[in-house]
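Chain order of the listed sequences is A and B. Read left to right, the first sequence gives residues 5 to 526 (the numbering used here). Read left to right, the second sequence gives residues 5 to 526 (the numbering used here).
Derived from the structure by calculation, the hints contain no laboratory data. Possibly wrong hints are sitting among the right ones.
Computed Cβ-Cβ distance ranges for the label pairs, DEER-style [to be verified]: (1) B:His401 with A:Ala205: 25 to 31 Å; (2) A:Ser18 with B:Leu340: 29 to 35 Å; (3) B:Arg191 with A:Ala205: 18 to 24 Å; (4) B:Val43 with A:Ser18: 24 to 30 Å; (5) A:Ala346 with B:Gly53: 47 to 53 Å; (6) A:Ala29 with B:Glu45: 39 to 45 Å; (7) B:Gly125 with A:Ala29: 22 to 28 Å; (8) A:Phe397 with B:His401: 53 to 59 Å; (9) A:Ala21 with B:Glu437: 56 to 62 Å; (10) B:Leu340 with A:Gly176: 31 to 37 Å; (11) A:Gly176 with B:Gly79: 17 to 23 Å; (12) B:Gln175 with A:Pro228: 50 to 56 Å; (13) B:Glu45 with A:Ser18: 26 to 32 Å.
So the derived list for chain B, only partly shown, Cβ under 10 Å to chain A, looks like this [what the hints assert, rightly or not]: (14) Asp95; (15) Gln114; (16) Ala131.
Beta carbons are placed, not taken as given, at the ideal position from N, Cα and C, and that holds for glycine.
2 protein chains.
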Amino acid sequence: MAERFVVQTDAPVSSDADIPDGLLASFWRYERALMADDVAELDRLFAPGPSTMRGDAGGLLVGHDAISAFRKGRGGAPKRRIARVEVRVIDADSALIVAVLAPAIGGAGQQTQLWRRVGEGWQITAAHVSGPTPAVDPRVWRIAGTPLVRPTASGRLDGETVAVKDLFAIQGHRIGGGVPDYLAAARASHITAAAVASLLAEGAAITGIAQTDEFAYSIAGANPHYGTPPNAMVPGALPGGSSSGPATAVASGQVTIALATDTAGSIRVPASYQGLWGLRPTHGAVPVDGVLPLAPSFDTVGWLTRTGALLERVATGQLPPSAELPRARVTSSAVLAELDDATAEAFTEGIERMVADGRVERPSQVGLPDLAEVHAAFRTVQAAEAWREHGEFLTAHPQAVSGAVSERFRAAAAITDTEERRARDAVARFRVELETALDGAVLMLPAAASVAPQTTAGAAEVDRIRTATLRITCLAGILGAPSVAAPAFSVAGAPLGIALVGPRGSDASLVAGARTLVDDRV
Amino acid sequence: MAERFVVQTDAPVSSDADIPDGLLASFWRYERALMADDVAELDRLFAPGPSTMRGDAGGLLVGHDAISAFRKGRGGAPKRRIARVEVRVIDADSALIVAVLAPAIGGAGQQTQLWRRVGEGWQITAAHVSGPTPAVDPRVWRIAGTPLVRPTASGRLDGETVAVKDLFAIQGHRIGGGVPDYLAAARASHITAAAVASLLAEGAAITGIAQTDEFAYSIAGANPHYGTPPNAMVPGALPGGSSSGPATAVASGQVTIALATDTAGSIRVPASYQGLWGLRPTHGAVPVDGVLPLAPSFDTVGWLTRTGALLERVATGQLPPSAELPRARVTSSAVLAELDDATAEAFTEGIERMVADGRVERPSQVGLPDLAEVHAAFRTVQAAEAWREHGEFLTAHPQAVSGAVSERFRAAAAITDTEERRARDAVARFRVELETALDGAVLMLPAAASVAPQTTAGAAEVDRIRTATLRITCLAGILGAPSVAAPAFSVAGAPLGIALVGPRGSDASLVAGARTLVDDRV
Chain A
5 MAERFVVQTD APVSSDADIP DGLLASFWRY ERALMADDVA ELDRLFAPGP
55 STMRGDAGGL LVGHDAISAF RKGRGGAPKR RIARVEVRVI DADSALIVAV
105 LAPAIGGAGQ QTQLWRRVGE GWQITAAHVS GPTPAVDPRV WRIAGTPLVR
155 PTASGRLDGE TVAVKDLFAI QGHRIGGGVP DYLAAARASH ITAAAVASLL
205 AEGAAITGIA QTDEFAYSIA GANPHYGTPP NAMVPGALPG GSSSGPATAV
255 ASGQVTIALA TDTAGSIRVP ASYQGLWGLR PTHGAVPVDG VLPLAPSFDT
305 VGWLTRTGAL LERVATGQLP PSAELPRARV TSSAVLAELD DATAEAFTEG
355 IERMVADGRV ERPSQVGLPD LAEVHAAFRT VQAAEAWREH GEFLTAHPQA
405 VSGAVSERFR AAAAITDTEE RRARDAVARF RVELETALDG AVLMLPAAAS
455 VAPQTTAGAA EVDRIRTATL RITCLAGILG APSVAAPAFS VAGAPLGIAL
505 VGPRGSDASL VAGARTLVDD RV
Chain B
5 MAERFVVQTD APVSSDADIP DGLLASFWRY ERALMADDVA ELDRLFAPGP
55 STMRGDAGGL LVGHDAISAF RKGRGGAPKR RIARVEVRVI DADSALIVAV
105 LAPAIGGAGQ QTQLWRRVGE GWQITAAHVS GPTPAVDPRV WRIAGTPLVR
155 PTASGRLDGE TVAVKDLFAI QGHRIGGGVP DYLAAARASH ITAAAVASLL
205 AEGAAITGIA QTDEFAYSIA GANPHYGTPP NAMVPGALPG GSSSGPATAV
255 ASGQVTIALA TDTAGSIRVP ASYQGLWGLR PTHGAVPVDG VLPLAPSFDT
305 VGWLTRTGAL LERVATGQLP PSAELPRARV TSSAVLAELD DATAEAFTEG
355 IERMVADGRV ERPSQVGLPD LAEVHAAFRT VQAAEAWREH GEFLTAHPQA
405 VSGAVSERFR AAAAITDTEE RRARDAVARF RVELETALDG AVLMLPAAAS
455 VAPQTTAGAA EVDRIRTATL RITCLAGILG APSVAAPAFS VAGAPLGIAL
505 VGPRGSDASL VAGARTLVDD RV
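Excised from the complex, chain A in its bound form (with noise of 0.2 Å):
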């Protein structure tokens, strides 16, 4: 059991005007009950009703029950002293109470209160907190330097930052995978990834290695050992993942570009949870030496950004060049099925809007082969792969990966051959099928079949979630086509991104062909 934090009460008190009798006590209540994580009795000392507003860096939270529901999810509050109180009395029945707090761990913060008077007690209806950030944020960051990795030569992405995904060699660092035991038993790396070698030559610069879903086996954007990266869009939300590090950087603003992976939607995913545009481009137009497999045969490097100006700019350098994009574009009500019924109204309005505007001619429907069929073809393949890259490690090192993706390798692990073959067949077959029924338009998706689910969902739920959306960005895999996300669309603030999938070998025109659909904001 955790030791009794004892409130001490004695810091200096300012104020302009007599302090309204009992507030000052209301003040050290909360404060007590802070520091005891006494959730019932900080709810109590919160206003009711859907204006009370709480806000730090993981966002602002509007209502009572969105702000109860977050204390429970955070297992209290960090250790403080309060090191001097502000108090600005506004009128007899309400306050301003400003806070300088000192963290047990060092540094200062502050918090910032609106107190009203409610009968014979107070009440916050208003705080913003701000505290001590740390060196790097070990949820987004493995090392990050200033940068980690200067650029070798001057081009069009001068003045870019990029953060590196956990699975791309740094000569001179080793490669981690979201895995800590992997990490450790690494050793640094002689060479660097094509992939990172190629942003360094055209002037962008490495601000260090971001954090991954163990192994990137995952699309959540969770990691057990490192912290799951915060959603810098929607607070308390899971990040996306597997690229949840990198598109976390991208989304808080501490780089321009994440390099990193789509097997299943690894890059499509945290592109859509935070309001990303992301490529995963044909498979094969980027070369994957240096980078550590999750399965091959669906396997691509590829970009987020914050703006598809600088995606297509990306794209453009780092691809070799890109066949016209064809004019038609297609979508299919079968996707529809997959989603709820707000994502599914977010998705077809967007279109709609889309469509008015003249951004785009309606697209036409297409029969796709059965979705969930589909999926299953694909996820064997993909885990058969997974296990003959893991299974030696992860057989010496049961415990090194955990929850879901540790499940996920077991099942991997009882793929049999003949399972695998028939897996691979059916990928084969679908794959003629969509193209035929494709018949070289454009199609156009949701990029995740939700937006971002928040980190307190079951696992079940997020399992559900996972289901539905990779029946539907498996299709690019399957296609070995490339696949835009761009952020188009949102479900109640939070964002949801279009995807687009287009023929082979047309990846940056499609990126092109998204940003006549999705303007960057400026």
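Starting from the structure of chain A, add chain B where the hints point.
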């Protein structure tokens, strides 16, 4: 000229009641003034008087004057959009406005403002701003990881984390010395400095490599190339140097231990400025292998921590067994002449309080040689050695260092052999005179001649403060004696350290002695 940033005033606005007339107009007027860096308009929109508040990651400013001075010094706020506005009406003349910010670089921020009606218009009486943080703060760190280097064994420093000043060799990393041109020419080291290795061997992890003043030849803590690290305890103040980055890293709670160097005061001054403990050990007690030298006659390797308990633990493990500390305590009124009135009063009254509390017997007064002459001799030897170390590089890279450091190196280059020989004779003579005067007693001094000056202080003022401080701090250098700084006093809320200078070899005992004078905050 910077392009004009157009403020878009189309953010969604929510309110819990009818918004009072003119409030939103004032809100947007403020936003436009902020984006245009119209300081006069911003000053008008903040309420006059001593009660107005503004806080951010740099600390809380109280009073319109302090806020206005801050605005003048910063050269504009980061560009941003207002993503969303939440208004909470308190009464007809008061409202809280919380704005969710969308910084131009990405990420999110929050601005909380308390607005009050004043005549026809509205003014801000309190504001709290928070924004996105960089991957690593380039003012503090050059490279950081989670960790950067793992411990090599378990020991008394298990769980501790270290910021290493950018003068120490770490295998696989370059030494930067606070000078980008030097870094650019450096190669990755094949060895790890002994002082780094011995921390790793006791269980501490290296979090990263932290910034220093150019070639450690300053005590201000400013660096024009990487930016000046913030003083974690005094908003807008210099951090103290040359161990500026490591000191800020400790003071801001990012690590528990700074590994640093002290030639003329480079550990004790940032300790004093930021309320830390710091130890300059006996000359030669910690090996300088693998450390970029400044002036070997005076260079020492030591540590900063937030608590005396940890500093004693570090010193006990990292140094040879310490001699017992003599009982006699002395001080000198000659030192008071170097201090401004407030600092002299804080020091004198602080010592009186320690005496009254029975923590120490009243120190005897000792006569010291003329401090200006002692410092002149010290400075000349230091300069001659600094040029010997860095002259070749600086002759090849004349633009590599800047400002006061550049001037000091220029003066150093002009020192003749005769001047150096005379200064060495004087240093030897003063050492004997000081040893005779102290007669084995512990000398009690202020750790710096003032609290941390503001970053906006002019060069002449910084130089004046520097000279006054060096006249005090150079005594330990002349003696080759250990000196501990501890956060004993304060002047107008800013920390000021006490320094004890003990006999050579008394290092850990000296820290223990300081702990009888200064309690650790819990």
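Each hint tested on the structure:
1. Separation of His401 (chain B) from Ala205 (chain A) is about 26 Å and conforms to the stated range, judged on CB atoms against 25 to 31 Å.
2. Ser18 (chain A) and Leu340 (chain B) have their C-beta atoms about 31 Å apart, which keeps the hinted 29 to 35 Å range intact.
3. The given range of 18 to 24 Å is respected by Arg191 (chain B) and Ala205 (chain A), whose C-beta atoms sit roughly 21 Å from each other.
4. Between Val43 (chain B) and Ser18 (chain A), the C-beta spacing of about 26 Å keeps the proposed range 24 to 30 Å intact.
5. For Ala346 (chain A) and Gly53 (chain B), the Cβ-Cβ distance of about 49 Å falls inside the hinted range of 47 to 53 Å, so the restraint holds.
6. For the hinted restraint 39 to 45 Å between Ala29 (chain A) and Glu45 (chain B), the CB-CB distance of approximately 40 Å keeps it satisfied.
7. Take Gly125 (chain B) and Ala29 (chain A): their Cβ atoms lie about 36 Å apart, and the range 22 to 28 Å is violated.
8. A beta carbon spacing of about 47 Å between Phe397 (chain A) and His401 (chain B) contradicts the range 53 to 59 Å that was offered as a hint.
9. With their beta carbons about 59 Å apart, Ala21 (chain A) and Glu437 (chain B) fall inside the hinted range of 56 to 62 Å.
10. Restraint check, Leu340 (chain B) to Gly176 (chain A): a C-beta distance of roughly 52 Å breaks the suggested window 31 to 37 Å.
11. For Gly176 (chain A) and Gly79 (chain B), the Cβ-Cβ distance of about 37 Å falls outside the hinted range of 17 to 23 Å, so the restraint is violated.
12. For the hinted restraint 50 to 56 Å between Gln175 (chain B) and Pro228 (chain A), the CB-CB distance of approximately 30 Å leaves it violated.
13. Between Glu45 (chain B) and Ser18 (chain A) the Cβ separation comes to about 28 Å, which falls inside the hinted range of 26 to 32 Å.
14. With 10 Å as the threshold, the beta carbon of Asp95 (chain B) comes within range of chain A, its nearest partner Cβ sitting at about 6 Å, so the hint holds.
15. At its closest, the beta carbon of Gln114 (chain B) sits 4 Å from a beta carbon of chain A; the interface hint therefore holds under the 10 Å criterion.
16. Taking 10 Å as the C-beta cut-off, the interface hint given for Ala131 (chain B) holds, the closest approach to chain A being about 9 Å.
The structure shown violates the earlier hints numbered 7, 8, 10, 11, 12.
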